[in-house]
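Q: Protein sequences appear in the order of chains A and B. The first sequence begins at 40 in the working numbering and counts up by one. The second sequence begins at 5 in the working numbering and counts up by one.
To be clear, the hints were calculated from the coordinates, so they are not data collected in a lab. Misleading hints may appear alongside valid ones.
Derived SDA-like pairs: lysine to any residue, alpha-carbon spacing no greater than 25 Å straight-line [as the list claims (entries may be wrong)]:
1. A:180 to B:407
2. A:163 to B:416
3. A:69 to A:40
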Amino acid sequence: MLEIKNLHVELEEEDKKILKGVDLTVEPGKVHAIMGPNGSGKSTLSYVLSGRAGYEVTQGSAVMDGVDLLELEPEERAAAGLFLAFQYPVEIPGVGNMTFLRTAVNAQRKARGQDEMSAAEFLKVIRERAKSLKIDAEMLKRPVNVGFSGGEKKRNEILQMAMLEPRMCILDETDSGLDVDAMKLVADGVNALRDDGRGFLVITHYQRLLDHIKPDVVHIMADGRIVKSGGPELALEVEHNGYSDILSEVA
Amino acid sequence: MALAKVKQSATQARLAGLTLPTSGWSEPARREALSRLTEMGLPDRRDEYWKFTRPDALTDAAAPHAAVLNADEAPIFDEIDRLRIVFVDGVFDPAVSDDLSQEGVTIERLAGISGSEIHWAKGLYGSLEARGQAPVQRPLAALNTAFATDGVVIRVTGTPSKPINLIYHHENESSDAILHHVIRVETGAVATILENGPAAARFNSCMEIDIADGGALHHVRAQGRDHERKTATHLFSRLGTESVFKSFTLTVNGVLTRNECVIELTGDDAVAHVAGACVGDGDFHHDDTVFITHDAVNCESRQVFKKVLRNGATGVFQGKILVQPGAQKTDGYQISQSLLLDDDSQFLAKPELEIYADDVACSHGSTSGAIDEEALFYLRSRGVPEDEATGLLTLAFLAEAVDEIEDETLADDMLARLQGWLARRR
Numbered sequence: 040m041l042e043i044k045n046l047h048v049e050l051e052e053e054d055k056k057i058l059k060g061v062d063l064t065v066e067p068g069k070v071h072a073i074m075g076p077n078g079s080g081k082s083t084l085s086y087v088l089s090g091r092a093g094y095e096v097t098q099g100s101a102v103m104d105g106v107d108l109l110e111l112e113p114e115e116r117a118a119a120g121l122f123l124a125f126q127y128p129v130e131i132p133g134v135g136n137m138t139f140l141r142t143a144v145n146a147q148r149k150a151r152g153q154d155e156m157s158a159a160e161f162l163k164v165i166r167e168r169a170k171s172l173k174i175d176a177e178m179l180k181r182p183v184n185v186g187f188s189g190g191e192k193k194r195n196e197i198l199q200m201a202m203l204e205p206r207m208c209i210l211d212e213t214d215s216g217l218d219v220d221a222m223k224l225v226a227d228g229v230n231a232l233r234d235d236g237r238g239f240l241v242i243t244h245y246q247r248l249l250d251h252i253k254p255d256v257v258h259i260m261a262d263g264r265i266v267k268s269g270g271p272e273l274a275l276e277v278e279h280n281g282y283s284d285i286l287s288e289v290a
Numbered sequence: 005m006a007l008a009k010v011k012q013s014a015t016q017a018r019l020a021g022l023t024l025p026t027s028g029w030s031e032p033a034r035r036e037a038l039s040r041l042t043e044m045g046l047p048d049r050r051d052e053y054w055k056f057t058r059p060d061a062l063t064d065a066a067a068p069h070a071a072v073l074n075a076d077e078a079p080i081f082d083e084i085d086r087l088r089i090v091f092v093d094g095v096f097d098p099a100v101s102d103d104l105s106q107e108g109v110t111i112e113r114l115a116g117i118s119g120s121e122i123h124w125a126k127g128l129y130g131s132l133e134a135r136g137q138a139p140v141q142r143p144l145a146a147l148n149t150a151f152a153t154d155g156v157v158i159r160v161t162g163t164p165s166k167p168i169n170l171i172y173h174h175e176n177e178s179s180d181a182i183l184h185h186v187i188r189v190e191t192g193a194v195a196t197i198l199e200n201g202p203a204a205a206r207f208n209s210c211m212e213i214d215i216a217d218g219g220a221l222h223h224v225r226a227q228g229r230d231h232e233r234k235t236a237t238h239l240f241s242r243l244g245t246e247s248v249f250k251s252f253t254l255t256v257n258g259v260l261t262r263n264e265c266v267i268e269l270t271g272d273d274a275v276a277h278v279a280g281a282c283v284g285d286g287d288f289h290h291d292d293t294v295f296i297t298h299d300a301v302n303c304e305s306r307q308v309f310k311k312v313l314r315n316g317a318t319g320v321f322q323g324k325i326l327v328q329p330g331a332q333k334t335d336g337y338q339i340s341q342s343l344l345l346d347d348d349s350q351f352l353a354k355p356e357l358e359i360y361a362d363d364v365a366c367s368h369g370s371t372s373g374a375i376d377e378e379a380l381f382y383l384r385s386r387g388v389p390e391d392e393a394t395g396l397l398t399l400a401f402l403a404e405a406v407d408e409i410e411d412e413t414l415a416d417d418m419l420a421r422l423q424g425w426l427a428r429r430r
């Protein structure tokens with residue numbers, strides 16, 4: 040589903056290499072986790088895949104369902120089925136959460152040649168999905184993420200994911216800033232979306248999120264490369280011994 | 005100080021083409037206004053408050069040409085049950101206007117009131133304009149008082165059920181309209197005045213609003229969309245104890261718009277809010293000049309102005325809060341912001357505070373910025389195309405000014421209208 044080959048990325052503004060040859064394939068129905076110390080390039084990978092400005096791809100490719108992602112505008116990537124749950128969701132004063140979501144859903148449907156969702160149908164679906172994430176009507180009315188707590192912002196990301204029904208979901212440190220209860224709520228939301236046709240890339244610093252979202256494959260990223268891949272047990276190893284053991288082992 | 009020669013001759017050239025209406029109760033006020041005007045002279049680039057806006061097209065002897073736009077959209081406020089008073093190129097059109105009689109209010113045409121006898125508006129016509137000439141001169145308003153050919157004289161005594169809508173059509177490409185309205189809101193009375201339309205090739209409008217104790221006036225205005233029109237407007241408002249004045253103006257297109265607003269809070273616990281949202285492209289030039297004087301205790305004033313500028317458009321904001329000695333517990337707030345959609349557009353702001361009381365809270369802020377890139381990427385990452393995302397963020401920026409309209413139906417109407425206009429520019 041998502042195939043990343045030998046991806047090299049530099050910052051546009053300064054001469055700094057961040058990714059130095061990432062290889063990664065996520066199959067439909069699978070959950071891949073990327074773990075790694077701070078500064079290893081995890082978030083950069085998520086931004087490059089979603090099309091954020093400021094990064095230059097110097098080598099390699101990223102293909103989703105046969106489409107070259109790197110050639111597409113961010114909105115085209117989204118319409119193609121890519122979704123990034125932001126580590127720091129952006130506050131947008133003046134734009135209602137509901138308006139924002141409906142605009143996004145219909146923009147994607149339009150891009151895919153589908154009919155727009157009617158206001159009534161949209162309302163019905165969003166109410167149902169918001170409820171399971173414990174997002175109340177008040178939160179839907181408020182401006183996007185404005186005045187939301189850390190937990191509310193992350194739940195709002197998952198609500199967007201649930202509404203947009205992407206094929207490939209990237210979760211960038213979705214557990215950061217969450218207490219145990221909030222993390223469980225978020226994980227339940229993610230797990231509800233798991234199915235055979237959908238791929239997940241879960242980026243996290245800690246193992247604890249993976250207790251709730253069980254990965255099929257765990258990758259360790261360090262210094263812009265994937266240095267080790269394995270099963271869920273790899274995450275436990277990190278939890279017990281930290282990154283230093285693994286890093287010294289592959290060095 | 006004697007007027008500069010060049011100013012004197014420019015003023016005389018303009019006056020040569022005008023005739024002072026000489027019958028009726030307003031004549032003495034008109035003559036006084038004319039003498040104020042000849043003393044001041046018409047504005048030019050050297051005047052302190054005209055540094056950012058060239059007044060030439062507003063002061064030239066002949067009205068400049070302005071193409072008429074045939075708008076392919078429903079008239080604004082169309083869905084609102086209102087009393088319509090229509091002026092075509094500054095001339096009252098009874099055929100398309102409603103019956104002026106309404107419960108709680110007396111509405112008369114300025115040009116229709118004859119005789120020099122007693123009329124309630126006699127002491128008011130031109131008086132707020134005259135008060136508003138210091139400390140900053142407003143010669144175009146004096147010209148208006150002297151030469152206005154028509155307008156409405158409204159006395160609100162109760163709570164009229166419908167808003168009063170002044171509708172200005174523009175049909176003649178070289179029309180030169182001067183309208184003067186006088187509104188007196190009596191004790192405890194409440195009314196809403198709506199204004200919309202391009203009015204004329206050149207439009208000079210003046211509205212004097214006197215609000216008695218406990219009265220309230222809501223004013224919502226939409227200017228546009230004829231781009232070549234030249235407009236100068238003045239709102240003069242005086243507020244009594246516990247009275248309320250709220251004014252919002254939406255401006256779309258226009259090579260030259262100067263909206264001046266002069267407010268005096270003369271009674272304790274009065275509230276005055278003025279807000280404006282404008283959207284302009286290319287040679288669009290829009291100037292908001294506001295002067296609010298606090299002369300009573302515990303009054304609140306609020307200025308919220310938002311401008312979206314692109315392709316080299318220019319926005320101007322000159323806003324002042326003057327707190328007189330003794331006007332304690334004043335709460336004054338002022339914000340002016342522009343959203344510049346490219347590097348060619350410019351926003352010129354001159355916020356001023358002048359405070360002579362020691363127990364006041366006054367704040368002001370002025371910003372100029374581009375679209376928030378983070379927010380733009382966030383929207384795009386959810387599948388919203390770039391131009392649509394820009395439109396959404398632009399509307400959100402303007403919405404903060406539109407939110408100043410108290411009536412939700414009117415606010416929604418303004419937002420829907422803005423959304424349509426933003427979409428058509430894409």
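Q: Work down the list of hints and note, for each, if the structure agrees.
A: Tested hints:
Between residue 180 of chain A and residue 407 of chain B the CA atoms are separated by roughly 15 Å; this keeps the pair inside 25 Å, and the hint holds. For a cut-off of 25 Å, the pair hint linking residue 163 of chain A to residue 416 of chain B stands: about 24 Å separates their Cα positions. Restraint check for residue 69 of chain A and residue 40 of chain A: satisfied, since their Cα atoms lie roughly 10 Å apart, inside the 25 Å limit.
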